[in-house]
Amino acid sequence: MPELPEVENVRMSLETLVSGKTISHVSVRLPRIIRQPENPRDFEEELRGRRIEGVSRRGKYLLFAVPPYTLVSHLRMEGRYALAASPSEALQPHTHVLFDLSDGTQLRYRDVRQFGTMDLILDTDPLPKGVSELGPEPFDENLTSRVFHRLLAQRQAPIKAVLLDQNVLAGLGNIYVDESLFYAGLHPQQAANTVSKQKAATLLVMIRQVLSRAIDAGGSSIKSYVDGYGRHGGFQIELAVYGREGQPCVRCGGPIRKTRVAGRGTHFCPKCQKLRKQTRMRQQSGTSGQATIRAGKRVVE
DNA sequence: CATGGGTCCTGAGTGC
DNA sequence: TGCACTCAGGACCCAT
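Numbering follows the working numbering, with no gaps: position 12 of the first sequence is 964.
Just so you know, the hints here were simulated from the structure itself, not pulled from any lab data.
Backbone N, C-alpha and C define an ideal beta-carbon position, used for all residues, glycine too.
One should not assume that every hint holds.
Cβ pair distances, simulated, as ranges [to be verified]:
#, residue 1, residue 2, range
1, H977, F1091, 35 to 41 Å
2, F1091, K1175, 25 to 31 Å
3, G1195, P1020, 41 to 47 Å
EDC-like cross-link-like pairs, simulated, lysine to aspartate or glutamate; straight-line CA separation at most 16 Å [as the list claims (entries may be wrong)]:
#, residue 1, residue 2
4, K973, D1055
5, K1223, E1197
6, K1081, D1117
7, K973, E1005
8, K1175, E1030
9, K1210, E1197
Go ahead and model the full structure; you've got the sequences and the hints to work with.
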């Protein structure tokens, strides 16, 4: 389930693997993957002969620069790219789109659940729906704790639901929302507009910390995630709450609980993440609650 | 507009 | 062993 750290790792691998290469042929084997243009044949035709100038990322979207087009690709749950040394290499199951490249290699898109999407759009045209409406990038320097607090203050849904909303903040998914809330000591059900300024500031710090550590670890491979080289991520072993139902909290030792919030499986520590009705929370001194992620691995004790 | 639930899809896991 | 059922969740669609 690629979230920002996984997509960023895929982006980095693709940047190395396909950037600067020219597309000589495209084959769409499963039309439902292509959202724009309407006819997948046009998708194939328009990409032929184009050079991939680079690969960037916005939220969980990959953006291939193929002037005068941008290929917008979303992996959703299980989409993945791999580079085959040659088109004659045996196809893995669920391979839906093939890009023959000028150096004889072939970029392949696989997606077991067929949820992923591709949009090919002219650079003079507006970006596809989901992309144009995305909230700020978590690492955007214009996203101050003040701005972040204001974003939260506009919503009364549970903080978990709000963090999952890509129009509020781009890039978080189920795993990193649970992790960030744990480190910030926030209950997933707490109404977003009752999160204090200080808690919001802490939350933003934790989001950034969790994401950057996950990026460095190569992402989290819960089920199927691999980057463009086929490499698994390593962050799953550092997860504090996600997927750890019943196991001891890394901070207090109590059991991690799993519930359902915003329709998603939600993991949290009932002791470390208390539900508070009021926003009033005075700053405690230095030793106050929040856990920090230590360098290296989780500190269990 | 904000919110929440259903939907797409396949494979893994569970219980009988 | 086989089969029905549930679950996984990102973004979109729709009803409230």
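Structure-based check of all given hints:
1. Between H977 and F1091 the beta carbon distance is about 37 Å. The supplied range of 35 to 41 Å therefore holds.
2. Distance hint check: the CB atoms of F1091 and K1175 are about 26 Å apart, consistent with the given range 25 to 31 Å.
3. For the pair G1195 and P1020, the supplied restraint of 41 to 47 Å holds, since their beta-carbon distance comes to about 43 Å.
4. A C-alpha spacing of about 7 Å is found between K973 and D1055, which places the hinted pair at or below 16 Å, so the restraint holds.
5. The suggested pairing of K1223 with E1197 holds, with an alpha-carbon distance near 14 Å, which does not exceed 16 Å.
6. Pair hint K1081 plus D1117 holds up; C-alpha atoms about 14 Å apart against a cutoff of 16 Å.
7. For the hint linking K973 to E1005, the alpha-carbon distance of about 8 Å falls within 16 Å, and the restraint holds.
8. Distance hint between K1175 and E1030 is fulfilled; the C-alpha atoms sit about 9 Å from each other, no more than 16 Å.
9. Of the pairs offered as hints, the one joining K1210 and E1197 holds, with about 6 Å between alpha carbons and a cut-off of 16 Å not exceeded.
Of the numbered hints listed earlier, not one is contradicted by the structure.
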